[in-house]
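*Asks:* Each chain, written out:
There are 2 protein chains.
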Amino acid sequence: MLKKPYLMIPGPTPVPDRVLQAMHRPVINHRGPEYEAMFRDVCCKLQQVFKTKNEVLTFPAAGTGAMEAAVVNILSPGDKVLVVSIGVFGDRFAEIAGRYGAKVEKLDFPWGEAAAPAVLADRLNKDKHKEIKAVFITHNETSTGVTNDIKELMAACGDHPALRVVDAVSSLGAINLETDAWGVDLVVTGAQKALMLPPGLAFMAMSERAWAANKASTMPRFYWDAQSVRKSLAKGQNPYTPPVSLIFGLQESLNLLLEEGLENIFARHRLLAVMVRAGLKALGLELLAADSVASSVVTAVKAPPGIDPKQIRKIMRERYGITLAGGHKHLEKEIFRIGHLGYVVPTDILVTLAALEMTLAELKFDVVLGSGVSAAQKILLAEV
Amino acid sequence: MLKKPYLMIPGPTPVPDRVLQAMHRPVINHRGPEYEAMFRDVCCKLQQVFKTKNEVLTFPAAGTGAMEAAVVNILSPGDKVLVVSIGVFGDRFAEIAGRYGAKVEKLDFPWGEAAAPAVLADRLNKDKHKEIKAVFITHNETSTGVTNDIKELMAACGDHPALRVVDAVSSLGAINLETDAWGVDLVVTGAQKALMLPPGLAFMAMSERAWAANKASTMPRFYWDAQSVRKSLAKGQNPYTPPVSLIFGLQESLNLLLEEGLENIFARHRLLAVMVRAGLKALGLELLAADSVASSVVTAVKAPPGIDPKQIRKIMRERYGITLAGGHKHLEKEIFRIGHLGYVVPTDILVTLAALEMTLAELKFDVVLGSGVSAAQKILLAEV
Numbered sequence: 095m096l097k098k099p100y101l102m103i104p105g106p107t108p109v110p111d112r113v114l115q116a117m118h119r120p121v122i123n124h125r126g127p128e129y130e131a132m133f134r135d136v137c138c139k140l141q142q143v144f145k146t147k148n149e150v151l152t153f154p155a156a157g158t159g160a161m162e163a164a165v166v167n168i169l170s171p172g173d174k175v176l177v178v179s180i181g182v183f184g185d186r187f188a189e190i191a192g193r194y195g196a197k198v199e200k201l202d203f204p205w206g207e208a209a210a211p212a213v214l215a216d217r218l219n220k221d222k223h224k225e226i227k228a229v230f231i232t233h234n235e236t237s238t239g240v241t242n243d244i245k246e247l248m249a250a251c252g253d254h255p256a257l258r259v260v261d262a263v264s265s266l267g268a269i270n271l272e273t274d275a276w277g278v279d280l281v282v283t284g285a286q287k288a289l290m291l292p293p294g295l296a297f298m299a300m301s302e303r304a305w306a307a308n309k310a311s312t313m314p315r316f317y318w319d320a321q322s323v324r325k326s327l328a329k330g331q332n333p334y335t336p337p338v339s340l341i342f343g344l345q346e347s348l349n350l351l352l353e354e355g356l357e358n359i360f361a362r363h364r365l366l367a368v369m370v371r372a373g374l375k376a377l378g379l380e381l382l383a384a385d386s387v388a389s390s391v392v393t394a395v396k397a398p399p400g401i402d403p404k405q406i407r408k409i410m411r412e413r414y415g416i417t418l419a420g421g422h423k424h425l426e427k428e429i430f431r432i433g434h435l436g437y438v439v440p441t442d443i444l445v446t447l448a449a450l451e452m453t454l455a456e457l458k459f460d461v462v463l464g465s466g467v468s469a470a471q472k473i474l475l476a477e478v
Numbered sequence: 095m096l097k098k099p100y101l102m103i104p105g106p107t108p109v110p111d112r113v114l115q116a117m118h119r120p121v122i123n124h125r126g127p128e129y130e131a132m133f134r135d136v137c138c139k140l141q142q143v144f145k146t147k148n149e150v151l152t153f154p155a156a157g158t159g160a161m162e163a164a165v166v167n168i169l170s171p172g173d174k175v176l177v178v179s180i181g182v183f184g185d186r187f188a189e190i191a192g193r194y195g196a197k198v199e200k201l202d203f204p205w206g207e208a209a210a211p212a213v214l215a216d217r218l219n220k221d222k223h224k225e226i227k228a229v230f231i232t233h234n235e236t237s238t239g240v241t242n243d244i245k246e247l248m249a250a251c252g253d254h255p256a257l258r259v260v261d262a263v264s265s266l267g268a269i270n271l272e273t274d275a276w277g278v279d280l281v282v283t284g285a286q287k288a289l290m291l292p293p294g295l296a297f298m299a300m301s302e303r304a305w306a307a308n309k310a311s312t313m314p315r316f317y318w319d320a321q322s323v324r325k326s327l328a329k330g331q332n333p334y335t336p337p338v339s340l341i342f343g344l345q346e347s348l349n350l351l352l353e354e355g356l357e358n359i360f361a362r363h364r365l366l367a368v369m370v371r372a373g374l375k376a377l378g379l380e381l382l383a384a385d386s387v388a389s390s391v392v393t394a395v396k397a398p399p400g401i402d403p404k405q406i407r408k409i410m411r412e413r414y415g416i417t418l419a420g421g422h423k424h425l426e427k428e429i430f431r432i433g434h435l436g437y438v439v440p441t442d443i444l445v446t447l448a449a450l451e452m453t454l455a456e457l458k459f460d461v462v463l464g465s466g467v468s469a470a471q472k473i474l475l476a477e478v
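Residue numbers (the numbering used here), protein chains in the order written: chain A, 95 to 478; chain B, 95 to 478.
I should point out that these hints are in silico values taken from the structure, not numbers from a laboratory. Watch out, some of these pointers could steer you wrong.
It does not matter which identical chain is used: a pair holds within one copy or between any two.
[What the hints assert, rightly or not] Here are the simulated SDA-like cross-link-like pairs (lysine to any residue), alpha carbons at most 25 Å apart as the crow flies:
1. 472 to 402
2. 375 to 405
3. 139 to 335
4. 220 to 325
5. 97 to 270
Computed from a prediction, not measured in an experiment: that's the story for all the values here.
Can you make the complete structure from the sequences, with help from the hints?
*Replies:* This is the structure we're talking about:
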């Protein structure tokens, strides 16, 4: 049976037609005036989305590239760092920092929970000699569908001088992040999430404190060197050949984001999450994260006892064209994840729930067809 | 709130990405070898979809253009014709034939019903002097959502020598039509229906009997002249400049149709119709056509008493991005129509029903959210 594709994973997001069309242009000279004008426009709009007055640096890379750039641009080998981890992507920051010779201390929270600001405050208070040079925190942990309260966590850092680094790869542009106002020193994100682009671009913004640390930092870097990106940016350029088509697309996706309005986008993502959670609960499914810490962009769902989440994803994909994400590490056999990030709208949630109901029915899970959909419909109707 | 577009009208259909991509190529010389090779391939594949061994003629035009071509290529002024009409598009054949000086007799059936083969047989039996030169019949009447039984109607023509002309604009490629096997003498269709193209192309196939009539026909024609199209076709060309981009798209849409398989496509459309009808009935809505004559490609629905169908369509479009069709003529204030024609899949029906439920709830119609969706889900689940 013919199917239409629904990419319901926490990135890459579906790419809007307007972005695809913008990308479908002949490649231009990346050292010429047309590119420079476009790139300046892009950088200016990125600052609005990042909610920062500082330059937003663009790296042709996966989001993980910007995480690496974050580490190597502000630290020196032997520096002590505190990595707050609530899942796979928190752990990744620790691994990168360790690989470059930082002394990594992890502050772990159980998967499915958010980081507790009080615990962070307590740990930093105990750092009498201010040995911790940087604190790394994940904004939205896509592996568990949990969003950390960055405003509270930044406040919890108090007057400790450690740099505050936030991985906003899956959140920036979908969940509010007041980079400057909340005192984030370094924030990174990727193209294929809320920015609604195909993968291939990563971004980083640094505060004045972070730039000062950059001067003293001795970790080896060339491609990730923030200074060289900043210098090129001043000329409307990139240090190395950028993926020009993606920059075409980025300009259009930023237009889309600013047309819709950041606050409207945050509200849309919250609505999608509330709809999907209401639908899943109505079907009797258990969610990994509590409502109070639930992500707006991805929802982790426990498969019913006796059902392999891979079976659910296979039927969803093969019969209904709906791609869901699996679980990481020890959650692989326990959960599946529904992404609702980027170019996703309420009707996508209704389709996903309807297909999930049929999938569960096929797997002999006791489900009332339409009950998940109707729970989500009630949420949506209350909005109109 | 951001929306995604669902074009749920009985043509133009949503256009698949592969077709859009095929169209996005530089225009080529329509008198050159590249075009000729492509056009020969297209014509060969059209014959498969038309289920005919005869040439399929392509006109750059709306479907109505091919209806006009049907009239002017086989008739002479003063010829008597019988037009079987069950709605707007049957009436259109009568109007065109009259405009060119044919003596038109209409065989009308109530809107919402199919043509009765026995009534047609009876009328032709009474034509002792064989004055009727042609019988015009609509295969699928999009204005009412009724499909005529062409096989039975062709059989009802018996050994009467009248040419049998079928308007298959909204059916060909979605509802089975055995052009040669059932003895259809002339069949027309359009691009923007089951062929899943943007509008701009119309097609006509003629039997040997129709070609013989063409030689004797004296109605004035230039652009619509079948002989000139046939002569050019023998050289892999068109008599006048064709819309080259649409031909690019047509080649790809024919590939898609043949890959999916005609019988699978017919089954998919039947499933869509059964799903949507089950859902609408579960919501307590009345359908214009009985199940026995219901179209696979469009469903006409009566608005609940006191609710203007335009209100329903407005809310569907503005809140949920779903475009439905209105009613024609006296049905305008009574019905709305849901198209499920061409590039449409079961998940589109689920979205449409879910949105319709919310729309009706907003209009204070007593509806159980999820009940229409679940009725359609049950139909779909029974298929898997």
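*Asks:* So, for every hint listed, does it hold in this structure?
*Replies:* Here is what the structure says about each hint:
no. : hint       : in the structure
1   : 472 to 402 : between (30 Å within a copy, 23 Å between copies)
2   : 375 to 405 : within (20 Å within a copy, 33 Å between copies)
3   : 139 to 335 : within (21 Å within a copy, 45 Å between copies)
4   : 220 to 325 : neither (39 Å within a copy, 91 Å between copies)
5   : 97 to 270  : between (34 Å within a copy, 21 Å between copies)
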